[in-house]
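Asks: Residue-level listing of the chains:
Number of protein chains: 2
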Amino acid sequence: MPEAQKLEHLKKLAALMRYYILAMTTQAGSGHPTSSLSATELMAGLMFGGIFRFDLDNPEHPNNDRLIFSKGHATPLFYTLWAMAGKLTAAELMTYRHFGSPLEGHPTMSFPYTEAATGSLGQGLSIGLGIALNGKYLDKLPYTTYVLLGDSEMAEGSQWETLQLAAHYKLDNLVGVLDVNRLGQRGETQYGWDLLAYEERIAAFGWETIIVNDGHSFPEIIAAYQKVMTVADKPIMIIAKTVKGKGVSFLEDQNGWHGKTLSPAELERALPELGPVDQSVRGVVSRPEDLKPVEVAPQAAGKLVYQPGAAVATRKAYGNALKRLYPQFPHLVSLDAEVSNSTYAEIFGDAYPQKFFEMYIAEQNMVGAGLGLATRGKIPFVSTFAAFFSRAFDQIRMSQYSEPNLKFCGSHAGVSIGEDGPSQMGLEDLAMFRAILDSVVLYPADAVSTERLVEAALKHRGMVYIRTSRLATPIIYSIEEEFPLGGCKVVRQSDNDLATVIGAGVTLFEALAAYEELQQEGINIRVIDLYSVKPVDAATVLAAAKATQGLITVEDHYPAGGIGEAVMAALAPNPVRLYSLAVTKKPKTGKPAELLDYEDISRSAIVRLVKQIKQG
Amino acid sequence: MPEAQKLEHLKKLAALMRYYILAMTTQAGSGHPTSSLSATELMAGLMFGGIFRFDLDNPEHPNNDRLIFSKGHATPLFYTLWAMAGKLTAAELMTYRHFGSPLEGHPTMSFPYTEAATGSLGQGLSIGLGIALNGKYLDKLPYTTYVLLGDSEMAEGSQWETLQLAAHYKLDNLVGVLDVNRLGQRGETQYGWDLLAYEERIAAFGWETIIVNDGHSFPEIIAAYQKVMTVADKPIMIIAKTVKGKGVSFLEDQNGWHGKTLSPAELERALPELGPVDQSVRGVVSRPEDLKPVEVAPQAAGKLVYQPGAAVATRKAYGNALKRLYPQFPHLVSLDAEVSNSTYAEIFGDAYPQKFFEMYIAEQNMVGAGLGLATRGKIPFVSTFAAFFSRAFDQIRMSQYSEPNLKFCGSHAGVSIGEDGPSQMGLEDLAMFRAILDSVVLYPADAVSTERLVEAALKHRGMVYIRTSRLATPIIYSIEEEFPLGGCKVVRQSDNDLATVIGAGVTLFEALAAYEELQQEGINIRVIDLYSVKPVDAATVLAAAKATQGLITVEDHYPAGGIGEAVMAALAPNPVRLYSLAVTKKPKTGKPAELLDYEDISRSAIVRLVKQIKQG
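These protein sequence lines map, in sequence, to chains A and B. The first sequence begins at 26 in our numbering and counts up one residue at a time. The second sequence begins at 26 in our numbering and counts up one residue at a time.
Next comes chain A alone, as it looks inside the complex (with noise of 0.2 Å):
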């Protein structure tokens, strides 16, 4: 197609595209037309000016480039790029936002074209990275990552993160379109349409910039892509002043009309603005080349290998497991937040280091590159400090709209890591991911149910949180126990019990030396080993809780949101005597023993409660 006939081309593409963003949301009745008003023209760019290569009939094409968008309240645009590629009728469009229609108000996996579900902003730079990572350092694919991203939200710690370690790893193939409407939700940016403001920042953290000043000129534009393709070792973003409201005069540049839509009477004065509208006009997206990773074949795990008795951290067990289980899934990668001498991923990182990338103390943009990597078929294994991931509680709530295959590991949880103190203690990393609707959590007590757990974790797609200790724990499983999820193992148990105690990690230790203690005295308890804190055997807890006098959860975690409510939230409606022992008292510094006794949930206050019970 000739210059001119092109340029043609893409502006009956978007004068079409704004008759459907505003239609679509008009008969929404909610929505976010003017955002999508403003990015128009850079998305028809990219889309359909050849720049942007993707199978349609194949959106799984490893090679495909990637498009994220960051603003995901520009879902009008979004849905609307892809009816202009042909993948939406226009009947299709007006069914959006309404209840069952893939189409929905943020980007969800319901629309076949979402890369991962977005909304909360500041993220899909981070994803875009994970994606670029694979594209770069595992699958060697020479595919583009674009990310729309607004002016509001470069606000957010979490860009700046992400465009800090974007250029550490020279992630040339990720691209920013940074769509600066000078409005945000309420008012102002802080910028403004101060592009050099943006470009001096974007600049100084190592990125290539490159200026749109006319961010509806299809010229501007198309040069600016194909400026990017000259790029190495860099990653780079264009940074274009827009309007927000774009067409409609009495949109354009209004404060006040952030995620507001025109009524039909305001839509039918809209119209007209937009000049001859063909509805028959469609846009053409290139295809990738056909190119495809080398896979690596499956073999055989490393033999599991612990003497009994032997003194292991669970923390150092999942570095090993990692390291052992990676050649029966090679898709395995791990992050770790500059912490992997003590989250023990520096195990996997020295075997493996072409599939461990340092995120450094980023913990946001570490777990959107994850969330990245998961959709690029990747199984990422995520880890820091348990405390930490409290850090990113943001983007894994937002992780679970995406369906990923997505591990997590924290380390150091709970006071027992000792003279610390609180800041350094996951005390509620339990409530965080017990929280995430279809999550796993899991939290062993020794090395060989930490080996069988991250095992377990491989084999289950979704999400898996794994919790594990400071402290040396002793083995006490053989090598040849299976720890299904949604088990439990009761490893103590006799025909006259007074009580269950439900213990997990180091607490199970605490039970397990309470019922030496208690034995004794003549008095016998049940002890139950709760590894899998979600979801619980319900089966096997309800029967120590109808064999016994009650039920005592012990945890090192704070009591909202941890294993007692767990285990009663399992158990409802049945009404059990659930006795809670978690941490209640504000913790200090001190040895790891000494912070169990002060918060009642070492031995000796499991011996009290149970002689407590006993006297009824």
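Hints were generated in silico from the structure; no laboratory data involved. Incorrect hints may have been included.
Treat identical chains as interchangeable: a pair holds within one or across any two.
Restricting the straight-line Cα-Cα distance to at most 20 Å, the calculated cross-link-like pairs of lysine to any residue (SDA-like) are [said to hold, decoys possible]:
#: 1; residue 1: Lys611; residue 2: Phe124
#: 2; residue 1: Lys252; residue 2: Leu32
#: 3; residue 1: Lys161; residue 2: Pro318
#: 4; residue 1: Lys611; residue 2: Phe136
#: 5; residue 1: Lys611; residue 2: Leu462
#: 6; residue 1: Lys610; residue 2: Ser126
#: 7; residue 1: Lys341; residue 2: Gly284
#: 8; residue 1: Lys328; residue 2: Glu507
#: 9; residue 1: Lys36; residue 2: Ile504
#: 10; residue 1: Lys611; residue 2: Ser135
#: 11; residue 1: Lys616; residue 2: Leu118
#: 12; residue 1: Lys317; residue 2: Gly217
#: 13; residue 1: Lys285; residue 2: Glu298
#: 14; residue 1: Lys285; residue 2: Ala338
#: 15; residue 1: Lys341; residue 2: Arg211
#: 16; residue 1: Lys380; residue 2: Arg211
#: 17; residue 1: Lys195; residue 2: Ala538
#: 18; residue 1: Lys616; residue 2: Gln52
#: 19; residue 1: Lys285; residue 2: His123
The model shown is predicted, which means the values in this text are computed figures rather than measured ones.
Model the placement of chain B on the given structure of chain A, informed by the hints.
Replies: The following block gives chain B in isolation, referenced to the frame of chain A:
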């Protein structure tokens, strides 16, 4: 003191400080000596070089300069500083990290010179921003806030949120001291000793930067601090090249020594390297001007006026309440993350613009700043969408260890927000805020209870979360009604209630609708408004459980950590029959009523369950 003598004195102080740093960590057997040694001169120069102004006998003096160790692991240095100021004895230093000692592993409030608990990296600067906002815009006092930063923690996005906003607010009373010792926990940082990499980035963010090429040279350090005083309208970052482990040959710039202490034998080798150590040397801290803020006398709050039965969203009542109550609580300030027209914090902001801070879309910094303001006696109300507090969970978690008087309001709770879809729905916020040890969690259903609960939050010293809803709900309470924390309202009851339905927020109205429907069929239910989710009014709920065949909790929240579990936990160990209705399917886009139905938390789900219970 003549200059040369002053330098000699500082050097003697530094030598003794190194002695203590090494000795106290060796006796403790844990801690971070090398991270302390790198910043010894930077901190000694600040405190004892005539820069820092602090009334040692009155840490609460409103015009004291403030010092925050964002690299909280450098406590050996932190405590040693105050020992050099005469506020700790050598013997007290030797209790470092012992159980019960105020000298905890990371700074906590058990030590009286801690401004705010730190230890999760990348938070101190945001706390400092809050303190600086207070100095410049509220108390209008000339104190300066200094924050010691590690180089590793500059990878955290939260830092860049603060850097952006501090420049926006022209905080020339905020000074960062960046200790570039090159080494993180497991190896080199992203930029190593490249001071210019930091300078370029930080200057691009609008800060004045001052390079210190030798961070162990007192003349250079003092000159840098003196230059700080001359900067106007910009925050200042001192970027200093230092050596990790400085002063001990076998520690200096060596990887593998992070968070490691010397054995007694190693200590014996190290100490002579410090040269002669004068145990008697002490530093002098300058005193601040004795200035105090102008205090505004509290006046009567405005009158509470709502029409019974009128529909008002609780989020709107929140804004009304802040505005109405401000005269009575003149320390009230409001911070919002660029969504004040949704949370309705704008009602307050429009009325009292000087007490409202726009924090843009940067929730981590917003919470840190709120904490900083709270340390200076303000009562910050921090607001955004409930979902987006997950972005700042680490800051919220850490806040509790500073024991602040800090309030949070999360709007747009649950699936009942409707079409925007799951990314915007707060569905884990109750779990998150319940997990904070001493938090109060409130969830009003109507405008009157919202106003009363904001008032109760203002009167309660501590961390309070208020959950508000997007939709307008009818006013059901008279303006005389009282809503004590830890209470609940039995809004429907009879002598023959089949079951008790516990609702809160929007689900209370579903319960009331179910009540009407069941009444038509001759079935009575008890209905409780659990406006206080934490603490739960256990006595009232237990009585209802005993009086009826079962409790039904209905919540617009995921099950884990939510209202169902809160009620179970509050009643334990009493066995009760509890049925939990909560959001258990991945939410979609749709109308609020459609989504409540889809998730089985609507009136019809309640009616079905009650009938099921009736059938037994």
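Asks: Next, verify each hint and record whether it holds.
Replies: Results of checking the hints against the structure:
1. Lys611 <-> Phe124: Close across copies (13 Å), not inside one copy (45 Å); limit 20 Å.
2. Lys252 <-> Leu32: Answer is within: at 18 Å inside a copy they meet the 20 Å cutoff, but 56 Å across does not.
3. Lys161 <-> Pro318: within (11 Å within a copy, 57 Å between copies)
4. Lys611 <-> Phe136: between (46 Å within a copy, 15 Å between copies)
5. Lys611 <-> Leu462: Result: close only across copies, 7 Å inter versus 29 Å intra.
6. Lys610 <-> Ser126: between (48 Å within a copy, 16 Å between copies)
7. Lys341 <-> Gly284: between (49 Å within a copy, 18 Å between copies)
8. Lys328 <-> Glu507: within (15 Å within a copy, 65 Å between copies)
9. Lys36 <-> Ile504: neither (66 Å within a copy, 59 Å between copies)
10. Lys611 <-> Ser135: between (44 Å within a copy, 11 Å between copies)
11. Lys616 <-> Leu118: between (62 Å within a copy, 17 Å between copies)
12. Lys317 <-> Gly217: neither (43 Å within a copy, 37 Å between copies)
13. Lys285 <-> Glu298: So Lys285 and Glu298 pass the 20 Å test inside one copy only (19 Å; across, 69 Å).
14. Lys285 <-> Ala338: For Lys285 and Ala338, the Cα distance is within 20 Å only across copies (18 Å; inside one copy 55 Å).
15. Lys341 <-> Arg211: So Lys341 and Arg211 pass the 20 Å test across copies only (16 Å; inside, 49 Å).
16. Lys380 <-> Arg211: Between copies only: 18 Å across chains, 44 Å inside a chain, cut-off 20 Å.
17. Lys195 <-> Ala538: Intra 53 Å, inter 59 Å, cutoff 20 Å: neither.
18. Lys616 <-> Gln52: between (63 Å within a copy, 13 Å between copies)
19. Lys285 <-> His123: within (17 Å within a copy, 58 Å between copies)
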